[in-house]
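Trainee: The whole structure should be built from the sequences, with the hints applied where relevant.
In our numbering, the protein residues as written are 990 to 1563.
It cannot be assumed that every hint is accurate.
[Unchecked claim] In silico lysine-lysine, DSSO-like type, Cα no more than 30 Å apart, as pairs:
1) Lys1556 with Lys1533
2) Lys1513 with Lys1492
3) Lys1119 with Lys1172
4) Lys1083 with Lys1269
5) Lys1288 with Lys1371
6) Lys1119 with Lys1371
Hint data in this document are derived by calculation from the structure and do not stem from the laboratory.
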Amino acid sequence: MATTSGINTSMFTVDSNGKLNVGGIASGINSKAIIDALMQARRQPAVQLEAKVTTNSGKISALGDFKTQMNSVVTSLDKLRANPGSTTNVFNSKSVTGTTTAVSGTASDIDSLMIATVGTEAQNMTHTLKVRQLATAHQVRSDAVTSTTAALSTLGVTPGTMSIGGKDITISSSDTLMDLRSKINNSGAGVTATIVSSDASTHYLVLTSNKTGAANAMTFGGDTNLTDGLGFTENAGADIKTELAQARNAIIDVDGIEGIERASNSVDDVLAGVTLSLLKAEPGTTITLKVEPDLGAIKTAIFDFVQAYNSVRDFATAQRTASDRNDDGTIGSNEVGAMAYDQLLRDALSQLSTLVATSVDGAPDGFASLGQMGVVLGSDYKLTIDDTILDNKLLTNVDGVKNLFAFSSTVSDSRVTVLQRGTSSSTGDYVLNITGTDASGNVTGATWNGQPMTVSGRTLTAPDGTTIFFNGGADLGAVNGINVSMSRGVADQFYDYFSELTKTGVGTIDTQVMQLQTQNTDYKDRVTLLDERLTLARTNLEAKYAAMEVALAKLQTLQQTIDSYTKSLNGNSN
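Mentor: Below you can see the structure in the form of structure tokens.
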């Protein structure tokens, strides 16, 4: 009976490309296991590079979070630093409050008389006002007609061409009241036509000027038979027949100046930086408006800084707290964050600590440091605010609060304005000398602490970047010895460092991110190259082991032949 020997199926493997590999049939050696072990050993440099990519990726992510936190610090400092020309200067924010007093009887609430809004250019002072008359839009109506859809010519109106405000409107024999309304509204005459029906057979066309004010009263021209026939005018177009509302100007009294007239109820050119929206006339009521710094906005800006500061501290604490690293590579409980020992984070924390501890030279008593404002550092290195202290400082000396945080300047000549501080400007006194001005008032030359300034018209720029505007007038001789004193509060002092840290594309954080990204690209390229070489090496080893198996199989066959021959010889000998 025939028998078969067992086959070791572990010698047969199929790779990822579907290729059948046969190993160890002749030798009994598991060549695949040997090759896999060799490849694993030779791939360790790639594994190390991949670990570096993972580490760098974690740090890139952490740097992104860090930048978000620092951007909040920069934004809060920008509001508080009061850089000249800045639109975010919170110390330029103004608020307005108002009260009313009646000469006799009860005064209306101010919100029913007017709404006042203020801009940054409004002066801090108190104003008194009276609203004597509101501006109104001119309004007239036609005579009544019995139908809105019947041709006007059948209702006694003669077709023709009339004008309103110089714009011609032609009415044909088939036009209805609705057609006339549309033609007027599309004419560009500056009026709005509306049909008002008092009952089913009584309809009026009401015209309302689109603008208030006496200068915007409606005027009619053209075919007077048409305008009289419609009832807009009478006496051959000489007079308006039915006037529902006169065109009037608003009339207000401001700070003792009576009878100020404006065509609109929105008045923005009487008090600089103040817009008055007039709602109701009440001549017997005096309105008192008080314009002052917006203390609420300033306090909110200080709160925003404290919150941003504390968020950075929380970020640092989280980075330095040990946590496990999970199977997917994310940080868990036995490993600190990617930026735990990063110099960038240490430097930022050091700068923030210095900011909190900094005292401003020349500040008023009680306004030299954050601690004196009620902003204090706790045992957890986070800031807290004492509302009572801060509110008292804001109410008693808001300029002292500004001096602590912001850039400020004083000049000995009212014709000089500091437009922009220089990048290297520091607290101190400077002397500005003006050579003179030409016939147009442009400056002919100037020096800043003895150094020549760049002159462009009336704008002067010092070597350190400080920009000055001089409005001295024409044909002026030399003006020497103008003293300019500049002070930098804590927000202004530290803004430059933190803004440089967070600048998009060129800041310190983004520069480090780009360096890490470049490293990762290099590491990944090296891994790819190494894997390509290992693939080639695996192919060569598999070929060599296969050749060995073939050679061994041939030797085994030869041995079997020799053994058979030897046995046959031995048999013949017997």
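Trainee: Hints first: check each against the structure and report whether it holds.
Mentor: To see whether the hints hold, each was checked on the structure:
no. : hint                 : result
1   : Lys1556 with Lys1533 : 34 Å, violated
2   : Lys1513 with Lys1492 : 28 Å, holds
3   : Lys1119 with Lys1172 : 41 Å, violated
4   : Lys1083 with Lys1269 : 25 Å, holds
5   : Lys1288 with Lys1371 : 18 Å, holds
6   : Lys1119 with Lys1371 : 51 Å, violated
The structure fails hints 1, 3 and 6 (numbered hints given earlier, in ascending order).
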